[in-house]
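So the sequence lines, in the order shown, correspond to chains A and B. Numbering-wise, my numbering puts 75 at position 75 of the first sequence, and it's gapless, one number per residue. Numbering-wise, my numbering puts 215 at position 215 of the second sequence, and it's gapless, one number per residue.
Treat the hints with care, since some could be wrong.
Stated by the list, open to error - Mimicking EDC-like on lysine to aspartate or glutamate, the simulated pairs with C-alpha atoms at most 16 angstroms apart in a straight line are:
{"#": "1", "chain 1": "A", "residue 1": "Lys123", "chain 2": "A", "residue 2": "Asp137"}
{"#": "2", "chain 1": "A", "residue 1": "Lys41", "chain 2": "B", "residue 2": "Glu105"}
{"#": "3", "chain 1": "A", "residue 1": "Lys36", "chain 2": "B", "residue 2": "Glu105"}
{"#": "4", "chain 1": "A", "residue 1": "Lys123", "chain 2": "B", "residue 2": "Asp91"}
{"#": "5", "chain 1": "B", "residue 1": "Lys52", "chain 2": "A", "residue 2": "Asp129"}
{"#": "6", "chain 1": "B", "residue 1": "Lys78", "chain 2": "A", "residue 2": "Asp129"}
{"#": "7", "chain 1": "A", "residue 1": "Lys41", "chain 2": "B", "residue 2": "Glu97"}
{"#": "8", "chain 1": "A", "residue 1": "Lys36", "chain 2": "A", "residue 2": "Asp137"}
{"#": "9", "chain 1": "B", "residue 1": "Lys18", "chain 2": "B", "residue 2": "Asp6"}
{"#": "10", "chain 1": "B", "residue 1": "Lys78", "chain 2": "A", "residue 2": "Asp137"}
{"#": "11", "chain 1": "A", "residue 1": "Lys176", "chain 2": "A", "residue 2": "Glu83"}
{"#": "12", "chain 1": "B", "residue 1": "Lys215", "chain 2": "B", "residue 2": "Asp6"}
{"#": "13", "chain 1": "B", "residue 1": "Lys26", "chain 2": "B", "residue 2": "Asp206"}
{"#": "14", "chain 1": "B", "residue 1": "Lys78", "chain 2": "B", "residue 2": "Glu157"}
Claimed, not checked - Restraint ranges, calculated between C-beta atoms of paired labels, are given here:
{"#": "15", "chain 1": "B", "residue 1": "Asn63", "chain 2": "A", "residue 2": "Gly2", "range": "50 to 60 angstroms"}
{"#": "16", "chain 1": "A", "residue 1": "Ser24", "chain 2": "B", "residue 2": "Met115", "range": "37 to 47 angstroms"}
{"#": "17", "chain 1": "A", "residue 1": "Gly230", "chain 2": "B", "residue 2": "Ser128", "range": "36 to 46 angstroms"}
{"#": "18", "chain 1": "A", "residue 1": "Gly9", "chain 2": "B", "residue 2": "Ile171", "range": "53 to 63 angstroms"}
{"#": "19", "chain 1": "B", "residue 1": "Pro13", "chain 2": "A", "residue 2": "Leu72", "range": "51 to 61 angstroms"}
{"#": "20", "chain 1": "B", "residue 1": "Arg79", "chain 2": "A", "residue 2": "Gly9", "range": "46 to 56 angstroms"}
{"#": "21", "chain 1": "B", "residue 1": "Arg79", "chain 2": "A", "residue 2": "Val44", "range": "26 to 36 angstroms"}
{"#": "22", "chain 1": "B", "residue 1": "Glu120", "chain 2": "A", "residue 2": "Ile12", "range": "53 to 63 angstroms"}
{"#": "23", "chain 1": "A", "residue 1": "Gly225", "chain 2": "B", "residue 2": "Phe61", "range": "30 to 40 angstroms"}
To be clear, the hints were calculated from the coordinates, so they are not data collected in a lab. Where a beta carbon is used, it is the ideal one built from N, C-alpha and C, also for glycine.
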Amino acid sequence: MGYLVERIGKKIIAGLDELGRITSLLQQIIVQGLKKPFNTKHFVQQMVKIGVDTLPIVSLMSIFVGMVLGYLAYLQFKIVGLEMYTGSLVAASLTMELGPVLTAIIVSGRIGSSTAAEIGTMKVTEQIDALRTMATDPIKYLAVPRFYAALIMLPILTVFADIIGMFGGYMIGVWKFGIRHQIYIQKSIDFLDPIDIINGLVKTIIFGGLMITISCYKGFTASGGAEGVGQATTSAVVLSIMTVLVSDYLLTMILY
Amino acid sequence: MINIIDVWKGFGPNKVLKGVTLKIEKGQTMVIIGRSGCGKSVLLKHIIGLMKPERGKIEVFDNDITRINEQGMQTIRKRFGMLFQGAALFDSLNVAENVGFFLFEHTNMKKNEIMRIVSEKLKLVGLSGVEHLMPSDLSGGMKKRVGLARAIAASPEIIMYDEPTTGLDPILAANINKLIKELQNKLSLTSIVVTHDMTSAYAIADRMAMIYDGKIIEVGTPEEIRNTSNPIVQQFITGSAEGPIISD
Numbered sequence: 001m002g003y004l005v006e007r008i009g010k011k012i013i014a015g016l017d018e019l020g021r022i023t024s025l026l027q028q029i030i031v032q033g034l035k036k037p038f039n040t041k042h043f044v045q046q047m048v049k050i051g052v053d054t055l056p057i058v059s060l061m062s063i064f065v066g067m068v069l070g071y072l073a074y075l076q077f078k079i080v081g082l083e084m085y086t087g088s089l090v091a092a093s094l095t096m097e098l099g100p101v102l103t104a105i106i107v108s109g110r111i112g113s114s115t116a117a118e119i120g121t122m123k124v125t126e127q128i129d130a131l132r133t134m135a136t137d138p139i140k141y142l143a144v145p146r147f148y149a150a151l152i153m154l155p156i157l158t159v160f161a162d163i164i165g166m167f168g169g170y171m172i173g174v175w176k177f178g179i180r181h182q183i184y185i186q187k188s189i190d191f192l193d194p195i196d197i198i199n200g201l202v203k204t205i206i207f208g209g210l211m212i213t214i215s216c217y218k219g220f221t222a223s224g225g226a227e228g229v230g231q232a233t234t235s236a237v238v239l240s241i242m243t244v245l246v247s248d249y250l251l252t253m254i255l256y
Numbered sequence: 001m002i003n004i005i006d007v008w009k010g011f012g013p014n015k016v017l018k019g020v021t022l023k024i025e026k027g028q029t030m031v032i033i034g035r036s037g038c039g040k041s042v043l044l045k046h047i048i049g050l051m052k053p054e055r056g057k058i059e060v061f062d063n064d065i066t067r068i069n070e071q072g073m074q075t076i077r078k079r080f081g082m083l084f085q086g087a088a089l090f091d092s093l094n095v096a097e098n099v100g101f102f103l104f105e106h107t108n109m110k111k112n113e114i115m116r117i118v119s120e121k122l123k124l125v126g127l128s129g130v131e132h133l134m135p136s137d138l139s140g141g142m143k144k145r146v147g148l149a150r151a152i153a154a155s156p157e158i159i160m161y162d163e164p165t166t167g168l169d170p171i172l173a174a175n176i177n178k179l180i181k182e183l184q185n186k187l188s189l190t191s192i193v194v195t196h197d198m199t200s201a202y203a204i205a206d207r208m209a210m211i212y213d214g215k216i217i218e219v220g221t222p223e224e225i226r227n228t229s230n231p232i233v234q235q236f237i238t239g240s241a242e243g244p245i246i247s248d
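Go ahead and model the full structure; you've got the sequences and the hints to work with.
As structure tokens, then:
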């Protein structure tokens, strides 16, 4: 029993220690990001990687989620004769919750893993040391452009996810189940509160910042060659997704 | 120019440096020899401020770099060049961007001017016309030479070489040694070379120092090292299996 308590205690201390280090990295990223010069070339490259390159998979996910939502909502609403509200449910679910969270999860998987692997490989092959010997701050050079690119591209991806998801719901509601076009659109708009949309986008900005900070941290602390990079990549994705889900709950409590 | 005074460093229970003291004069090529894992590279990383000692003092250009902040350290690092053991070229950049990295990041020079310097430095290391290649397209020897071109691109005052000839064939190793010597003569650099390749050490050293058990146990000219009566140094330089150094 004592051994178990000791192990749990050690895990908690290690977790808190890691949380402190990640917070410290976040602070350094923000401070370095405010200093000149700003690496525009890297920033644009990262925006393309996080935004443009991720858009196809986000679109695919959104359209299917929208279609499933539309399908299930229609079946449930039909029981009580409220099937015209299918669009309302699809729109509200996507903008308030599913669009931001699922986009953040997809980006965590795709960008979180590549960020941790890229920086981790640079760490174990002494490329980070090489940057420092050439008087270049690795946080400013590697983490800052990624951080700001994530802050900007996550909300944009989410807007796309929301619109494409709603279109998926529309296809099912209107084309498959025959809800009238005008009613579907009108009911969707009626239940869309601009504040909810903005809150959903605020969430994604925070998700993006947390996800990229965690991924950079895991990369910067990778050690021990290929195996270490693999471990860093896995834990970056797991921790990023967990953080997205926990912070989603907390942000929902705060924002709504 | 570089004064290392009683430097201690450990990683957990493993004490790597146990009071290293060494002075490196301006314009000198100091070769630090010692067994693999004895702390040679760790010492090099202390000199350029990549690691901080637990105890002791390191003076570079009359600054105690153990007490300097990261910003101050960056100013000092601009006067250094370093060749890493595995070259440490940036995977995502091509050869020209690697060699010109410092100039792109820290000067206002125009791109064509930087490219002219890049070509010049690549020519100096015997690699013309490879500017557009990616590090993954290069052989081990080519990577090392590109790493060397990168290290000298910004005309540093001090250049550090971490195992410059390890993993190279004897001819390429001899070429690298020749190159280090030529750079030394042409540019009057202060060089610090870490190696356990004795052929290389004798070929390039003005002075040599041996690390053993976390301390500098012998310093001298190549001739003095060759003729030392210290049995540990003798065993190491002759590569003998018999002697006071116990094999791991």
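Comparing the hints with the structure gives:
1. The hinted pair formed by Lys123 of chain A and Asp137 of chain A meets the criterion: a straight-line CA distance of about 13 angstroms does not exceed 16 angstroms.
2. Between Lys41 of chain A and Glu105 of chain B the CA atoms are separated by roughly 12 angstroms; this keeps the pair inside 16 angstroms, and the hint holds.
3. Our distance criterion of 16 angstroms between C-alpha atoms is met by Lys36 of chain A and Glu105 of chain B, whose separation comes to about 12 angstroms.
4. For the hint pairing Lys123 of chain A with Asp91 of chain B, the CA-to-CA distance comes to about 12 angstroms; that is within 16 angstroms, so the pair holds.
5. Of the pairs offered as hints, the one joining Lys52 of chain B and Asp129 of chain A holds, with about 14 angstroms between alpha carbons and a cut-off of 16 angstroms not exceeded.
6. Under the criterion of a C-alpha separation no larger than 16 angstroms, the hint pairing Lys78 of chain B with Asp129 of chain A is consistent with the structure, at around 14 angstroms.
7. Taking the CA atoms of Lys41 of chain A and Glu97 of chain B, the gap is about 13 angstroms. The hint holds against a cut of 16 angstroms.
8. Taking the CA atoms of Lys36 of chain A and Asp137 of chain A, the gap is near 12 angstroms; set against the 16 angstroms cutoff, the hint holds.
9. Proposed proximity of Lys18 of chain B and Asp6 of chain B is supported: the alpha carbons are some 8 angstroms apart, at most 16 angstroms.
10. In summary, the hint linking Lys78 of chain B to Asp137 of chain A is supported, as the alpha carbons are separated by about 12 angstroms, within the 16 angstroms threshold.
11. A hinted pair counts as satisfied when its Cα atoms are at most 16 angstroms apart, and Lys176 of chain A with Glu83 of chain A qualifies at roughly 13 angstroms.
12. A distance of roughly 9 angstroms separates the Cα atoms of Lys215 of chain B and Asp6 of chain B; the hinted pair therefore holds under the 16 angstroms criterion.
13. Among the hinted pairs, Lys26 of chain B with Asp206 of chain B is consistent with the structure: their alpha-carbon atoms are about 11 angstroms apart, no more than 16 angstroms.
14. The straight-line distance between the Cα atoms of Lys78 of chain B and Glu157 of chain B is roughly 9 angstroms, inside the 16 angstroms bound, and the hint therefore holds.
15. Judged by the Cβ atoms, the range 50 to 60 angstroms given for Asn63 of chain B and Gly2 of chain A holds: they are separated by roughly 51 angstroms.
16. Between Ser24 of chain A and Met115 of chain B, the C-beta spacing of about 39 angstroms keeps the proposed range 37 to 47 angstroms intact.
17. Evaluation of the 36 to 46 angstroms hint for Gly230 of chain A and Ser128 of chain B yields a pass: the beta carbon distance comes to about 38 angstroms.
18. At roughly 59 angstroms, the beta carbons of Gly9 of chain A and Ile171 of chain B sit within the given window of 53 to 63 angstroms.
19. Checked against the hint of 51 to 61 angstroms, the C-beta distance between Pro13 of chain B and Leu72 of chain A comes to roughly 59 angstroms, which is consistent with it.
20. At about 48 angstroms, the beta-carbon gap between Arg79 of chain B and Gly9 of chain A stays in the expected band of 46 to 56 angstroms.
21. In this structure, Arg79 of chain B and Val44 of chain A meet the distance hint of 26 to 36 angstroms, their C-beta atoms being roughly 32 angstroms apart.
22. Hint check: Glu120 of chain B to Ile12 of chain A, Cβ distance near 57 angstroms, so the stated range 53 to 63 angstroms holds.
23. Checked against the hint of 30 to 40 angstroms, the C-beta distance between Gly225 of chain A and Phe61 of chain B comes to roughly 35 angstroms, which is consistent with it.
The earlier numbered hints are all upheld by this structure, with none contradicted.
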